[in-house]
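Letter by letter, the chains look like this.
Number of protein chains: 2
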Amino acid sequence: MSSYSFLSKDELAELQKELQAKYAKFKSMNLKLDMSRGKPGSDQLDLCMGMLDVLDSNSILKSQNGLDCRNYGMLDGLPETKELFAELLGLRPEQIIVGGNSSLSLMYDMVARSMTHPTVEGMKPWGKYEKIKFLCPAPGYDRHFAVTEFFGVELVTVPMTPAGPDMDVVEELVSSDETIKGIWCVPKYSNPQGYTYSDETVRRFAALRPAAKDFRIFWDNAYCVHDLYEEGDKLLNIMEECEKLGSEDMVYIFASTSKISFSGAGVAVIGASEHNIARIKKQMTIQTIGYDKINMLRHALYFKNADGVRAHMKKHAAILAPKFQLVDDMFTSHLEGKGIAKWTKPKGGYFIAVDVLPGCAKRVVALCKEAGVIMTSAGATFPYGKDPEDRNIRIAPTYPPMEELKQAAELFCLCVELVSVEKLLAEKTSNEKVKMFA
Amino acid sequence: MSSYSFLSKDELAELQKELQAKYAKFKSMNLKLDMSRGKPGSDQLDLCMGMLDVLDSNSILKSQNGLDCRNYGMLDGLPETKELFAELLGLRPEQIIVGGNSSLSLMYDMVARSMTHPTVEGMKPWGKYEKIKFLCPAPGYDRHFAVTEFFGVELVTVPMTPAGPDMDVVEELVSSDETIKGIWCVPKYSNPQGYTYSDETVRRFAALRPAAKDFRIFWDNAYCVHDLYEEGDKLLNIMEECEKLGSEDMVYIFASTSKISFSGAGVAVIGASEHNIARIKKQMTIQTIGYDKINMLRHALYFKNADGVRAHMKKHAAILAPKFQLVDDMFTSHLEGKGIAKWTKPKGGYFIAVDVLPGCAKRVVALCKEAGVIMTSAGATFPYGKDPEDRNIRIAPTYPPMEELKQAAELFCLCVELVSVEKLLAEKTSNEKVKMFA
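Protein chains in written order, with our numbering: chain A, 1 to 438; chain B, 1 to 438.
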């Protein structure tokens, strides 16, 4: 297929009619599909049902340290669950706190505590500064941005590249501006592009020399074991890199089993330097006596070790890889070569990012919605929900069953075509020049 | 036994020798007992093991609203779990948010959010005031006081009476001082005395007219169904009283199953007016996508309804009532009539409070520790851990098995006697007058 940029006004008008007819047909189907969030499908959740059998009324609910998991205590979690995550994340068990079912909560709590209490002994809490800022590599994860926005932190967009955030920009900003207190990162299979930070990017993170002594990297390793194929991306271990340089207090690592076991009932962890762990525990002990240890035990017994988790993730991959493939196939057959869209081909994670022609993303998402398919809001992947070029759309292919996913992807492609044609027609009238994709 | 106040110096010295000999014998036993915290015993936790059988790999994990409990979503919790708690607490399901495993966390989060975000639309967050204060009925719960202390809130002691906090003091302070933003309450079987607020106290709470429009009552109904005997204390429903007066936004209610199901793996709730629930959810949605719904489902299926919970609590009572009785019997036989101690006789909850002679509590707890029995730190029941008269000691009789409890209580009585005799001997020398109990 040749690029739409070669079409004449009449050809575009003709094409528009065709596409409108197809769209009308889609609307008449009264679809009700949801591709908005990175949720596992119910077949993925079925994979873990065996976890509900590892404990029953005959079980001894003791941790390997002899303590009763049913009772109060063990603020930082069960030793065996710490070990499991330590192995998965390449940390020492002493660098782990096991939390509740949500890593988002752990990140929120970390920001919340930092607002009211010092991050570094003797410094002011972030909330006592006139103004503070967070770097937000974008496109990025809307819930990250929302946490800092909620606390009145100014969000500063940093461009994303296939190797991670633009580190020239990050280094320049972080080393010169002491009001910059942190950066949000999804270092492996980034949300939404599925990019994995390069070794150089990770090393440059570890080597940051921030103007603010209480600057922190929020390293949300949400997709640490979420490979789609045998050969997944490899992420360098940031803690090891930091330890080489003595900057290990600068990074907070987060992960969870939300997309390994159950999204609604997994376990989440913080990984941090021993010094940070001690400081966090001192504050956390005011908030809780301990998180759900029976669920931690369930996870430790079910997965046994990191290999157990990796074997389990292969089952997820068997379900997810065909979905990612389907979307890519649809995009290729409907959009490739037309100069109207560009998309990523991640080897893991939960999302595909699509760029459409500037000024078209919102309208594409609106048309999808009108025809019964809910997409992530256009703009959601940028700070304050505002995509400056209105072009990035996050595709979440995991939740719908294949048949529905196919319909949704087809409709999406149709909407991209339709809105692009509208745009190009408007261009012919206004003589504005639309920048097409190569 | 007649009061020690009638003993001569020589008689006291003689008695001291006897008691010291007994104490030496205790020390030689190398006891290692813990009466410090309100933890259920393992036999109590055994009562709920059946909850681990209600879900297994063959279960359909759908909520009654059709949603999959395994997946993300349902920020405010499962409808069936909301209903269960609504029935227990005399609220409407719309007035409930079901959280994670810890009501302390829910209280902490509520205070934390109030520090950084307005409690009442248009007002400043608490953290933006030069100084704010919280009323702390004391003796009270150390973890409550610690939460507000952590956020730099000034703790103001309010005297407790058998009918609840001294409401003359509460009304006077709350109506005149707009820096007072809240009060901590354990309205039923208070920690540590086991007092239940009278109907009049509850009504006076509902009728408060605070100087601060963002004043809130933190109503920690931790022991709402924790009766020891058939005839338990009755607590008036504060939400109903507030609704009569239009003051329903003034109260936040908290409860949990930590001492019903599993202390480490229960579910906790917030009860509040519909208006407050909407406001809390708006903030909470930044913090989490939802709490552990599989555990909520487990609780709803296992207990079925409020009657199910009440029937279960009878089994707890069968274990706990003899422990409370034992302690009371020991206190009666060793301390009654001597004028050296006074203690409460609660009909529920987790604690007994003992007052000893002024200036003696710390030394009693220290002597117990020296002989191998850990008590709650003297002073812990007061703001900043400082009992102005050094006389209140919290007894937590639930955790140790009967035989250990008997030893611990015996040692405790001995230490009270010994320290009292020391005190009275010192009095004879210094001519200070010790105020004995009637």
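One or more hints might be untrue.
You can't tell identical chains apart in this list, so a pair holds if it fits in one copy or across any two.
[Said to hold, decoys possible] Pairs of lysine to aspartate or glutamate residues, derived as EDC-like cross-links and limited to a Cα-Cα distance of at most 20 Å, are as follows:
hint, residue 1, residue 2
1, Lys386, Asp233
2, Lys27, Glu178
3, Lys128, Glu154
4, Lys213, Glu248
5, Lys281, Glu149
6, Lys27, Asp233
7, Lys213, Asp46
8, Lys345, Glu121
9, Lys128, Glu149
10, Lys423, Asp390
Hint data in this document are derived by calculation from the structure and do not stem from the laboratory.
Evaluation of the provided hints:
Taking identical chains as interchangeable, the C-alpha atoms of Lys386 and Asp233 are never at most 20 Å apart, the minima being 30 Å within one chain and 56 Å between chains. Neither within a single protomer nor between protomers do Lys27 and Glu178 lie at most 20 Å apart by alpha-carbon distance, with minima of 52 Å and 58 Å respectively. In this homomeric assembly, Lys128 and Glu154 come within 20 Å of each other (Cα to Cα) both inside a single copy, at 14 Å, and across copies, at 19 Å. Taking CA atoms no more than 20 Å apart as the test, Lys213 paired with Glu248 passes inside one copy only; the shortest distance there is 13 Å, against 45 Å between copies.
In this assembly of identical chains, Lys281 and Glu149 lie within 20 Å of each other by CA distance solely across copies; the values are 17 Å between and 25 Å within a copy. Proximity of Lys27 and Asp233 under a CA criterion of 20 Å is satisfied in neither setting, with 39 Å inside one chain copy and 62 Å between copies. Taking the shortest Cα distances, Lys213 and Asp46 never come within 20 Å of each other, neither inside one copy (46 Å) nor across copies (50 Å). With identical chains, the CA atoms of Lys345 and Glu121 are never at most 20 Å apart, being 44 Å at best within one copy and 46 Å at best between copies.
Within a single copy, Lys128 and Glu149 get their C-alpha atoms as close as 16 Å, and across copies as close as 18 Å, so both meet the 20 Å cut-off. Taking identical chains as interchangeable, the C-alpha atoms of Lys423 and Asp390 lie at most 20 Å apart only when both belong to the same chain, with a minimum of 13 Å there against 79 Å between chains.
In terms of the numbered hints stated before, the structure departs from hints 1, 2, 6, 7, 8, listed from lowest to highest.
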